[in-house]
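S.K.: Here's the letter readout for the chains.
There are 2 protein chains.
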Amino acid sequence: MDQEIELAGAAAEGDGGRRSRGAGRGAAARRAARTGGGPGPSLPYITRKIREYEVLDEEGLSLIESNADRVLEEIGIEFREDAEALKLWKDAGADVRGERVHFPKGLCRELLKTAPREFTWHARNPERSVHVGGKATIFAPVYGPPFVRDLEGNRRYATIEDFRNFVKLAYMAPSMHSSGGTVCEPVDVPVNKRHLDMIYSHIKYSDKPFMGSVTAPERAEDTIAMAKLVFGDEFVENNCVTLNLINANSPMVFDETMVGALKVYARHNQASVISPFILSGAMSPVTVAGTLTQILAEVLAGASFTQLIRKGSPVLFGTFAASISMQSGAPTFGTPEPSLVSYGAAQLARRLGLPFRTGGSLCASKVPDAQAAHESSNTLNMTLLAGTNFVLHAAGWLEGGLVSSYEKFMIDQDQLGMMQKMAEGVDLSENAQALDAIREVGPGSHYLGCAHTQANFQTAFYRSALADNNSFEQWEIEGSKRIEERANALCRSWLEAYEAPPLDPAIDEALLAFIQQKKDSVPDAFT
Amino acid sequence: MDQEIELAGAAAEGDGGRRSRGAGRGAAARRAARTGGGPGPSLPYITRKIREYEVLDEEGLSLIESNADRVLEEIGIEFREDAEALKLWKDAGADVRGERVHFPKGLCRELLKTAPREFTWHARNPERSVHVGGKATIFAPVYGPPFVRDLEGNRRYATIEDFRNFVKLAYMAPSMHSSGGTVCEPVDVPVNKRHLDMIYSHIKYSDKPFMGSVTAPERAEDTIAMAKLVFGDEFVENNCVTLNLINANSPMVFDETMVGALKVYARHNQASVISPFILSGAMSPVTVAGTLTQILAEVLAGASFTQLIRKGSPVLFGTFAASISMQSGAPTFGTPEPSLVSYGAAQLARRLGLPFRTGGSLCASKVPDAQAAHESSNTLNMTLLAGTNFVLHAAGWLEGGLVSSYEKFMIDQDQLGMMQKMAEGVDLSENAQALDAIREVGPGSHYLGCAHTQANFQTAFYRSALADNNSFEQWEIEGSKRIEERANALCRSWLEAYEAPPLDPAIDEALLAFIQQKKDSVPDAFT
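Note that the protein sequences, when read in sequence, are chains W and F.
Using full-length UniProt numbering, the first residue of the first sequence is number 1, and each one after it goes up by one.
Using full-length UniProt numbering, the first residue of the second sequence is number 1, and each one after it goes up by one.
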């Protein structure tokens with residue numbers, strides 16, 4: 001078909017332009033597009049033009065809020081091994097018995113009135129700064145795996161080299177809006193020093209916003225110190241430059257490590273993501289309503305605590321929702337019940353006036369197969385439609401979070417691009433209405449060559465760099481490849497095409513000097 | 001953990017009960033559950049307790065409706081090679097010029113006032129009859145592929161044996177509510193006779209509702225005749241016993257084959273699913289709003305035509321939405337734009353008061369890999385949340401609809417089970433609120449053994465028969481299998497465990513005699 005060939009030529013040019021990262025349109029860009037190479041330019045954080053999907057009505061929401069109030073007052077939440085926290089709660093009017101804090105009705109909500117509804121999370125490159133809350137959605141990579149599935153197909157412990165690679169990939173992925181935090185655990189670096197290399201990697205190899213270390217209060221302090229070398233002391237104290245993952249030790253416990261990190265970050269005005277880590281049936285009741293009640297109670301306690309530390313410090317309503325298999329006790333992902341939990345939690349967060357974190361591309365599968373994709377897709381579609389503001393684990397998560405997978409990262413980031421397009425909703429402009437096109441083409445013809453198609457095809461549809469839409473015969477000629485094979489090749493081409501964003505050499509030197517001094521000050525520890 | 005082991009034992013029993021198909025609980029059922037075997041009992045059609053997701057507001061909906069009215073009046077729709085249709089339109093007040101019908105504003109909507117908003121689609125087993133419209137959702141298998149991917153991994157032309165197998169699988173799949181229509185094209189049977197074997201297979205090997213043949217008016221008549229042998233003459237003339245897929249030849253054409261089949265079915269009070277078959281960019285404009293306008297115009301014309309044939313005959317607002325790759329012209333699936341189209345079309349259908357068909361588990365991938373799963377999952381999640389009433393292609397679709405895949409059928413039907421659970425929404429009963437459980441467990445403990453968990457774990461979470469949630473080590477011991485390998489084994493075990501539903505031998509004989517007489521009356525044709 002002539003029209004198709006014509007379009008194909010034009011498309012290559014358009015695509016080349018999109019992928020060239022400033023190399024200019026034309027022959028070189030077209031060549032780059034044809035041979036794969038790097039991705040397109042980074043997209044700004046998502047501003048959702050679509051509405052939120054809701055699973056609870058006013059009655060249900062009120063019921064869960066009222067039940068959470070009863071949990072807070074009658075059962076209470078424990079803040080363990082932290083005398084300061086208990087004293088702050090006592091002074092605020094809570095009933096503290098041992099490490100158990102009982103909250104008079106309304107106390108937490110009252111304290112949360114000083115928490116910002118929305119705020120900016122600054123990147124060292126101001127163009128990459130993102131908005132947190134409201135209609136904004138931000139994607140960040142997988143967080144925490146000790147293992148990787150590498151490009152040679154090995155499952156092995158992660159290294160600092162892997163860590164750098166995932167930061168690079170997050171920096172390059174167009175719809176990844178943050179380079180994240182612990183994209184994998186670099187277990188080849190001493191446990192008491194690896195946070196330094198991790199924070200440095202985020203600053204050096206990406207210019208997107210990053211997350212701080214939470215594994216010990218002094219590591220949180222180091223994060224702040226390094227951020228100050230980049231952003232300046234005063235800027236850090238008055239702006240958010242790190243988001244920090246504070247997991248509740250569900251059910252109804254905040255431990256000294258998490259509270260310790262929270263205190264450091266809140267004091268420096270950095271954002272806490274208060275996240276009940278829930279495997280329903282183990283850490284919460286086996287029901288959606290019961291789980292939501294407990295999540296809300298835990299978040300109310302943890303989030304309001306940030307305001308005891310520093311009024312106005314940013315805090316997110318976090319939720320990590322999965323279930324367990326009742327046969328084996330193993331975590332399961334992408335199933336309906338955790339989706340209902342997350343939808344409900346998003347509604348509770350909006351009513352509370354806090355930005356919301358949940359979801360991602362979660363799965364239990366050991367390999368990036370259809371199980372991994374179904375579980376991830378069920379989770380990710382929910383994440384977007386729930387109106388989630390901050391999406392951790394948006395790409396790369398495999399095997400219940402034990403593994404960061406290069407191939408899955410590539411497959412997932414492609415899906416993030418789809419979500420970003422979906423969030424644009426329906427364009428109702430006169431051009432989009434296309435009445436002239438319908439008139440021009442008329443019954444029984446086709447739209448391939450019509451003026452409206454020619455004018456709009458470059459931006460009309462999301463283009464996947466990984467989906468194979470060719471004929472069976474063409475696919476067979478090209479080696480009958482599965483998507484993970486294409487993802488493997490694309491990942492290699494990205495890492496090859498990677499170019500670091502500019503970093504002021506003086507800042508780089510200061511960071512390296514700080515790290516060296518810190519590393520020299522204590523012996524290595526590996527546990 | 002003691003609790004886990006205890007739960008695991010109890011779970012096996014519960015599961016055995018679910019899977020035993022009347023074999024009774026106890027040792028035999030537990031053994032059956034452990035060894036795989038058949039699926040659980042069929043579930044009733046879905047009655048959605050969750051709300052519909054919407055992408056258009058009142059202004060957008062009115063705009064598209066007004067634009068569709070303009071298309072109908074100013075551009076018109078062609079009804080080709082059917083003098084009767086043109087005469088009926090002329091008599092109804094349309095402006096007919098050649099084969100082009102121009103519709104005065106409001107004519108189609110006025111005619112559609114006699115179409116039922118909801119109706120029953122009867123199965124030969126009354127327990128399997130389904131409700132069409134409103135809050136009901138019905139899943140049916142893939143429709144139309146000439147090829148199969150068989151259990152030996154071959155991609156080859158489909159046979160009548162494959163056809164029977166997919167009917168059996170649809171009959172067995174708990175969340176498949178219809179055995180569908182052309183689950184694959186049995187190309188080993190002459191083209192002018194295969195509809196007889198297909199309809200017979202649906203009646204013989206399943207007792208769920210089925211779809212009629214639409215490839216020629218006389219094949220539609222044969223479908224009616226066979227249905228009458230099962231349901232009785234009068235019942236068929238006054239009730240819906242077949243749903244029938246009437247594709248528009250987009251843009252803006254209904255051809256003589258489709259109109260011929262529509263006329264037969266509408267005259268006999270059988271349901272027509274008026275479905276614009278849209279690959280945006282080829283059969284419709286490259287924009288969502290333009291595509292929706294054309295879809296609405298086509299459905300208004302086709303659906304209202306059923307009421308010219310017989311007032312009150314059931315008709316569905318159908319939509320098949322995909323896009324094309326602007327590089328190659330190839331169809332693409334699971335991308336954001338067709339999802340927006342389908343969400344919008346569902347809203348337009350509800351406003352029109354017609355049951356809605358869209359979605360399924362669509363994909364372009366050649367194999368059931370992560371591409372297939374992502375594309376299918378994006379489509380299927382949308383399908384459920386859009387509030388779709390009839391879901392064709394809900395399982396088994398591969399390679400843009402060219403292939404019926406056994407393995408993908410099994411993977412998809414598992415996802416249908418998840419959708420069915422999701423549709424139940426959030427239980428807010430006192431038991432589900434679980435306040436006593438939260439109180440009993442308290443901070444720092446776990447819910448594995450608590451009374452509430454013991455009382456609720458059997459029905460708490462959707463249980464996938466295909467997802468592997470085991471540890472990496474266990475998964476490796478079991479052969480490091482991908483989900484399609486497990487799907488292959490499960491499919492074999494189902495087909496082995498299959499037992500036909502009872503069929504009155506007199507009806508069976510009458511059907512076979514009818515088929516023989518029909519087959520003897522004309523020579524075979526293969527084109």
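There's no promise every hint is true.
Identical copies go unnamed one by one, so any copy, or any two together, can satisfy a pair.
Below, a list of computed lysine to any residue pairs in the SDA-like style, where the Cα atoms sit at most 20 Å apart [as the list claims (entries may be wrong)]: (1) LYS481 with GLU152; (2) LYS135 with TYR53; (3) LYS481 with ASP150; (4) LYS228 with GLN474; (5) LYS481 with GLY153; (6) LYS204 with PHE231; (7) LYS113 with THR159; (8) LYS204 with VAL230; (9) LYS49 with LEU61; (10) LYS49 with GLU59; (11) LYS49 with GLY60; (12) LYS105 with LEU435; (13) LYS105 with ARG439.
What the hints contain is simulated information worked out from the structure, not anything from laboratory work.
S.K.: Now tell me, hint by hint, if it's right for this structure.
M.R.: Going down the list of hints, with the structure as the test:
1. Taking the shortest Cα distances, LYS481 and GLU152 sit within 20 Å of each other both inside one copy (16 Å) and across copies (18 Å).
2. In this assembly of identical chains, LYS135 and TYR53 lie within 20 Å of each other by CA distance both inside one copy and across copies; the values are 13 Å within and 17 Å between.
3. Taking identical chains as interchangeable, the C-alpha atoms of LYS481 and ASP150 lie at most 20 Å apart whether they share a chain (18 Å) or sit on different chains (19 Å).
4. With identical chains, the CA atoms of LYS228 and GLN474 are never at most 20 Å apart, being 54 Å at best within one copy and 46 Å at best between copies.
5. For the homomeric pair LYS481 and GLY153, the shortest alpha-carbon distances inside one copy (15 Å) and between copies (15 Å) are both at most 20 Å.
6. Only within a single protomer do LYS204 and PHE231 lie at most 20 Å apart by alpha-carbon distance; the minimum there is 14 Å, versus 74 Å between protomers.
7. Taking identical chains as interchangeable, the C-alpha atoms of LYS113 and THR159 are never at most 20 Å apart, the minima being 42 Å within one chain and 67 Å between chains.
8. For the identical chains of this complex, LYS204 and VAL230 are intra-copy neighbours only, at 10 Å inside a copy versus 73 Å across copies, given an alpha-carbon limit of 20 Å.
9. For the homomeric pair LYS49 and LEU61, the shortest alpha-carbon distance between copies (16 Å) is at most 20 Å, but the shortest distance inside one copy (24 Å) is not.
10. Only between protomers do LYS49 and GLU59 lie at most 20 Å apart by alpha-carbon distance; the minimum there is 15 Å, versus 27 Å within a single protomer.
11. Only between protomers do LYS49 and GLY60 lie at most 20 Å apart by alpha-carbon distance; the minimum there is 13 Å, versus 26 Å within a single protomer.
12. Taking CA atoms no more than 20 Å apart as the test, LYS105 paired with LEU435 passes between copies only; the shortest distance there is 17 Å, against 58 Å inside one copy.
13. Taking the shortest alpha-carbon separations for LYS105 and ARG439, only the inter-copy value of 17 Å comes in at or below 20 Å, while the best intra-copy value is 63 Å.
The earlier numbered hints that this structure contradicts are 4 and 7.
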